[in-house]
Amino acid sequence: MQRFYRRAIKDILENRFLTAITVITIALSILIAAAFALFFVNAGDMLNFWQKGIRMMVYLKTDATEAERLDTKFRLQGLEGVQEAVYISKEEALARLKAQMAHHSALLENLKENPLPDAFEITLKPSTRNSEELGFLAERVQALPGVTEVEYGQQWIQRFTQVINLFSLAGSGIGALFFMATLFIVANTIRLVLYSRRDEIEIMRLVGATDRFIKIPFYLEGMIQGGAGTIIGLLLLYAGYLALALHFAPGMAGGMIQLRFFSVGVCLAVVLGGTLIGWLGCWVSLKQFMK
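Using the numbering used here, read the sequence shown as starting at 1 and increasing by one per residue.
Simulated from the structure, these hints should not be mistaken for laboratory data.
Being a predicted model, the structure only gives us computed values, none of them experimental.
Be careful, since some hints might not be right.
Unchecked claim - Heads up, simulated DSS-like pairs for lysine-lysine below, C-alpha to C-alpha not over 25 Å straight-line:
(1) 10 / 287
(2) 287 / 215
(3) 98 / 112
(4) 61 / 98
(5) 90 / 73
(6) 125 / 112
(7) 61 / 90
(8) 98 / 125
(9) 61 / 10
(10) 10 / 215
(11) 125 / 73
Unchecked claim - Derived Cβ-Cβ restraints for the label pairs, each shown as a range:
(12) 173 / 112: 17 to 27 Å
(13) 40 / 4: 36 to 46 Å
(14) 132 / 97: 42 to 52 Å
(15) 17 / 160: 38 to 48 Å
(16) 126 / 17: 51 to 61 Å
Don't be surprised by glycine CBs; every beta carbon is placed ideally from N, CA and C.
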C-alpha cells in the first residue's frame, strides 16, 4: 500500500493545476450544499422551539353564559391533541394587556368598556404542534358552540413552513447539480492523468501487471482529492458560521435563536461522502479508459 500511496501522491504533485481545480470545485460544492443543510438544521431548531410555546386562543361569544363556558371547557379538554384548557376572563385579559403595554398605558386610559372577549388558552400536546395537526384541531374547535374565533399564529406557521420547503427544494437541486459537476471534474482530472501515463500503463500490462495493481493508485488519488476538498469546504463553512455566530448573543430572542454547527459525527459523514465522490469519479474514468 505504501507504493500505491507514493504513486498517488506523485501524480497529485505532478498535476498540481488539475488537482487544485478539482479540490477547489469539491470544496465549493460541499460549502454550498452544507450551507443549505446547516440553514435547515438551525431553521428547524427555531421552528421546534417556537412550536413548543404555541398556545391556541379560543375566543368565546360575548353573551356566553357560565354554563356554556363550562360546557365549552369540557368539550375542549375532550378533544384529541389538547393537553390543557385554561379559562381567561376578559378582565384578566385586559389586565395582561395593560401589563404588556406598561410603556404605552396612555393608549388604554380612555377605554369606556372592556373590548376583549372571554377566552380559553389551550396548551397543545407535542404531537399536535405541526401545521397540519394544528389546522385540523382548529377546525374542530371552531365548530364548537359558543366559539367565535380561533387563533394560533397559523399564517406565520404556514409562511415559515413554505419558506423552509422552498429552501429545501432549492438546496436539493443545487446539491444535485454540484454533485454532477464535481463528479465530472474529478473524472476528467483522472482521465487526463491516465492519458499522460498511457504508455506506462501499457508497458505495465505487457509485463503482467493486473488491472487491480494499475487502478489502486488512481482510486487513492481520487479519494485524496475528494477528502481534501470536503475538509476545506467544511472549514470555510465553519469560518462563516463563527463570523455569523458573533452577531447573535446566546439566548437571543428568549433562547429562540441559538445557532449550532454540525456535530462531529455529521462532519465525519460529510468527509466520507466527499471521499466517496472522489472514488466514484475515478471509477467512471477508469471504467472507460481500461476498455
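- request: Please work out if residue 61 and residue 10 have their alpha carbons no farther apart than 25 Å.
  value: Since the Cα atoms of residue 61 and residue 10 sit roughly 82 Å apart, the hinted pair is violated (cutoff 25 Å).
- prompt: Is the straight-line distance between the alpha-carbon of residue 125 and that of residue 73 25 Å or less?
  reply: 16 Å, holds
- request: For the pair we were handed, residue 61 and residue 98, check the Cα-Cα distance against 25 Å.
  value: 22 Å, holds
- prompt: Can the suggested window of 42 to 52 Å be confirmed for the beta-carbon pair residue 132 and residue 97?
  reply: 31 Å, violated
task: Please work out if residue 98 and residue 125 have their alpha carbons no farther apart than 25 Å.
output: At roughly 30 Å apart (the allowed maximum being 25 Å), residue 125 and residue 98 break the hint.
- prompt: Is it true that the CA of residue 125 sits at most 25 Å from the CA of residue 112?
  reply: 39 Å, violated
field: Straight-line alpha-carbon gap residue 287 to residue 215, limit 25 Å
entry: 10 Å, holds
field: Supplied distance hint 38 to 48 Å, evaluated on CB atoms of residue 17 and residue 160
entry: Holds, since residue 17 and residue 160 (Cβ atoms, about 46 Å apart) stay within the stated range.
query: Does the structure keep residue 61 and residue 90 at a Cα separation of 25 Å or less?
result: 11 Å, holds
message: residue 10 and residue 215 were given as a pair; does the straight-line alpha-carbon distance stay at or below 25 Å?
response: Measuring from Cα to Cα gives roughly 15 Å; hence the hint holds.
query: Regarding residue 173 and residue 112, is the given constraint of 17 to 27 Å on their beta-carbon distance met?
result: 58 Å, violated
- prompt: Regarding the pair residue 98 and residue 112, is the alpha-carbon distance no greater than 25 Å?
  reply: 15 Å, holds
Hint compliance for this structure: hints 6, 8, 9, 12, 14 are not met, and every other hint is.
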